[in-house]
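**Student:** Here is what each chain is made of, one letter per residue.
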Amino acid sequence: MSWLRLTQEGLTEWLRKFGKTHRLYGPVWTGSYHEFKLLQDPGEIDWNYRNTRLSPKSLFLPPAEKMFVYSLDPNDPERAILKEAPKDFTPRIIVGIRPCDAYALQLVDRNFITSQYQDPWWVNRRENTILVGYGCTDPCSTCFCSSVGSGPFDTRGLDVLVVNVDGGFAISFVSERGKELLRREPLGARALSESEERALQDKMAQAKAAMPKLWDEKAVASRPLLDIFNAPFWEEVQFSCINCGTCTFLCPTCWCFDIQDEVWKERGCRVRLWDSCMFPLFTLHASGHNPRSQKLQRVRQRFMHKLKYYVDKYGDGVACVGCGRCVQFCPVNIDIREVMRLMVSHCQCAL
Amino acid sequence: MVKNPYKPYPVKIDEIIVETDDRNIRTFHLKFLNPEDEAAFRYFPGQFAEISVPGQGEIPIGIASSPTEKGYLKFTVNKAGKVTTYLHNMKPGDIIGVRGPLGNWYPWDKLEGSNVVIIGGGFAFTTLRSSIVYMLDPENRHKFGNITVVYGARNPGLLLYKEELFAWERRDDIVMHITVDATNDPNWKYNVGFVPAITKEKAPSSENAYAIVCGPPIMIKFTLPVLRELGFAPDRIITSLEMRMKCGIGMCGRCNIGTEYVCKDGPVFTFEQLSRLPNEY
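As you go down the protein sequences, you meet chains E and A in turn. Heads up, the first sequence is in our numbering, so the first residue is 43 and it goes up one at a time. Heads up, the second sequence is in our numbering, so the first residue is 374 and it goes up one at a time.
Heads up, a few of these hints could be off.
Stated by the list, open to error - A few chain E residues facing chain A, derived, Cβ under 7 Å:
hint, residue
1, Met43
2, Pro119
3, Tyr159
Claimed, not checked - Derived coverage of chain E by chain A (criterion: at least 3 residues anywhere in the stretch with Cβ under 8 Å from a Cβ of chain A; other residues may be distant):
hint, segment
4, 66 to 77
5, 196 to 203
6, 216 to 228
7, 237 to 245
Claimed, not checked - Heads up, simulated BS3-like pairs for lysine-lysine below, C-alpha to C-alpha not over 25 Å straight-line:
hint, chain 1, residue 1, chain 2, residue 2
8, E, Lys129, E, Lys355
9, A, Lys573, E, Lys108
10, A, Lys575, E, Lys125
11, A, Lys516, E, Lys108
12, A, Lys385, E, Lys125
13, E, Lys108, A, Lys455
14, E, Lys307, A, Lys380
15, E, Lys125, A, Lys516
16, E, Lys108, E, Lys129
17, A, Lys464, E, Lys355
18, A, Lys376, E, Lys108
19, A, Lys376, A, Lys575
20, E, Lys129, A, Lys385
21, E, Lys125, A, Lys380
22, E, Lys125, A, Lys404
23, A, Lys575, A, Lys562
24, A, Lys376, E, Lys307
25, A, Lys516, A, Lys575
26, A, Lys404, E, Lys129
27, A, Lys637, E, Lys307
Hint data in this document are derived by calculation from the structure and do not stem from the laboratory. A quick note: this is a predicted structure, and the numbers were derived from the prediction, not measured. We treat Cβ as the ideally placed atom computed from N, Cα and C, and that holds for glycine.
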């Protein structure tokens, strides 16, 4: 990777040049937490932020989104015919996204983009958004990205990577789309000196090593699914859960949604809304039968889906990026790292 | 913009038939408004579609018509909740929508050249009807061996497709065992007994045969041991699962069991496949 060096003012000035052609999003302090907001000016970005409370998935999969609109007027010749709701898919740049959140988008891509079906709203937003990532030189105590196959400087999901260095930033243009930005608006920045590059590599290695190694990919992947499903430790894990759904709303790799029709007089729309496997209604049949009527079944489903079913289905690591949001905000302190330890220990004991 | 898999094809309700005495099950014949939509909707028996009722929602319903029946789609819908109740009160001429065909289908490539045993109970018989009509079609009949059907309901008034059932019973290229749990109709000339019991009594051969079993969980629970005793291996017993669904295309997450999405990797599964999945269905 080749790095260029610039000051914060220099980076802000450069981002400003894209303001006419792209909508810019960045982390902004709301008064109680950080959130990705549409920026009037890139100067609004708080480069001292740790991470946003809600993951940036809401920029691709909004909590509520109109899919279709239709008329229910009996005199309308087009009544009951669904029409796609108009959307704004003009280009965007998201600045300051953490590598874990950016990689999470790639994990979610596997759900929405398949050979048979593609979700048009997800696809359009992904194609029209450039991700300028912000490496983590000082991971939080709740972070564990390097345990689950990602890392504080993971470039897999990113077009550009920015890292804090003394007196400013080091910036690297990772993907073709990132390089295209540089071609369009040259930075006028110098490359890092050898000593600066070494210092950067040291810093990055330190940040990575600071996180615990708590996942044994092989041990869990090689156990049959039903073996872990029937393990006795789920009883302990689910005990304090209150099925509030906080984990699913904050999580960058949770994608479950509901579809509802809403009607006002003779106009209706079909909306997509975030949903959560934590709620009993999620799997309730009209007959009254509920395959996951018990809390244990629901809690187990969430962890099994992220840490085992996704692994078995795609053969490429877990659907968790170690962002630590659920660890920070679960009201009863259920810690996914502890669940992972229990799973690994169960699988290793069985070997 | 990529093709939108959430957008239904507009259809018109052509005919509504009340199937059962308790009036809780109605069959709908739907006709496409646009001929190109009809041409695009190519399906196999076993698949389902999301019936979209604008203003109410969508419901996943097995396709009861066979692809050999042209010009319309047949769906048999049980009145169970909000959308189905609204649908039951609609009239011929009303416009709704259909999204599909969705899901996988009965393994027709394996069923060809085999004997087929069909066991159904209650209103789970819809995709089984599609399968029977498909196999009996003159173009297809020779591809299959013996066809044996055991179908039962709680009483004669709750049987679906009664006229068709009795017509099939009179044919010599299909063996029909129609049964009811109980009846006080003195003119009832078919079997009386639970589906698992009748299956055991009639003992269809498992030689070069597949069994397709659809019905309420209690029926399946007692039919499986009978089939195993007759010599059917778990990978030769096929069923179709029901789940709460919304998107129907394997994205919203709700019908997920283990690594599978019932709406996309199913709803048709063999019992061998189900034995490797958590029993959350």
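**Student:** Taking the hints in turn, state whether each one holds.
**Tutor:** Comparing the hints with the structure gives:
1. Interface hint at E/Met43: violated, since its Cβ lies 33 Å from the closest Cβ of chain A, which is beyond the 7 Å cut-off.
2. Taking 7 Å as the C-beta cut-off, the interface hint given for E/Pro119 is violated, the closest approach to chain A being about 10 Å.
3. For the restraint placing E/Tyr159 at the interface with chain A, the shortest Cβ-Cβ distance is roughly 4 Å, inside the 7 Å limit, so the hint holds.
4. Restraint check on the segment 66 to 77 of chain E versus chain A: 0 residues with Cβ-Cβ distances below 8 Å, three needed, restraint violated.
5. Counting residues of the segment 196 to 203 of chain E whose C-beta lies closer than 8 Å to any C-beta of chain A gives 0; at least three are required, and the coverage claim is violated.
6. Coverage of the segment 216 to 228 of chain E by chain A is violated. Counting CB-CB distances below 8 Å, 0 residues qualify, and the rule asks for three or more.
7. Under the rule that three or more residues need a Cβ within less than 8 Å of chain A, the assignment of the segment 237 to 245 of chain E is violated, with 0 such residues.
8. Taking the CA atoms of E/Lys129 and E/Lys355, the gap is about 32 Å. The hint is violated against a cut of 25 Å.
9. Distance restraint check for A/Lys573 and E/Lys108: the Cα-Cα separation of roughly 53 Å exceeds the 25 Å cut-off, and the hinted pair is therefore not satisfied.
10. With a CA separation close to 53 Å, the supplied pair A/Lys575 and E/Lys125 exceeds the 25 Å bound.
11. A C-alpha spacing of about 48 Å is found between A/Lys516 and E/Lys108, which places the hinted pair above 25 Å, so the restraint is violated.
12. For the hint pairing A/Lys385 with E/Lys125, the CA-to-CA distance comes to about 17 Å; that is within 25 Å, so the pair holds.
13. Using a Cα cut-off of 25 Å, the hinted pair E/Lys108 and A/Lys455 holds, with the two alpha carbons roughly 21 Å apart.
14. In summary, the hint linking E/Lys307 to A/Lys380 is supported, as the alpha carbons are separated by about 22 Å, within the 25 Å threshold.
15. Proximity of E/Lys125 to A/Lys516 is assessed by CA-CA distance (about 43 Å); at most 25 Å being required, the pair is judged violated.
16. The hinted pair formed by E/Lys108 and E/Lys129 meets the criterion: a straight-line CA distance of about 9 Å does not exceed 25 Å.
17. A distance of roughly 44 Å separates the Cα atoms of A/Lys464 and E/Lys355; the hinted pair therefore is violated under the 25 Å criterion.
18. A distance of roughly 17 Å separates the Cα atoms of A/Lys376 and E/Lys108; the hinted pair therefore holds under the 25 Å criterion.
19. Of the pairs offered as hints, the one joining A/Lys376 and A/Lys575 is violated, with about 49 Å between alpha carbons and a cut-off of 25 Å exceeded.
20. Distance hint between E/Lys129 and A/Lys385 is unfulfilled; the C-alpha atoms sit about 29 Å from each other, more than 25 Å.
21. For the proposed pair E/Lys125 and A/Lys380, the alpha carbon gap of about 8 Å is at most 25 Å, so the pair holds.
22. About 20 Å separates the Cα atoms of E/Lys125 and A/Lys404, which keeps this hinted pair within 25 Å; it holds.
23. With a C-alpha separation of about 16 Å, the suggested pair A/Lys575 and A/Lys562 falls inside the 25 Å cut-off, and the hint holds.
24. Distance restraint check for A/Lys376 and E/Lys307: the Cα-Cα separation of roughly 30 Å exceeds the 25 Å cut-off, and the hinted pair is therefore not satisfied.
25. Proposed proximity of A/Lys516 and A/Lys575 is supported: the alpha carbons are some 24 Å apart, at most 25 Å.
26. Annotation: proposed proximity of A/Lys404 to E/Lys129 is violated, straight-line Cα distance about 31 Å (limit 25 Å).
27. Taking the CA atoms of A/Lys637 and E/Lys307, the gap is near 35 Å; set against the 25 Å cutoff, the hint is violated.
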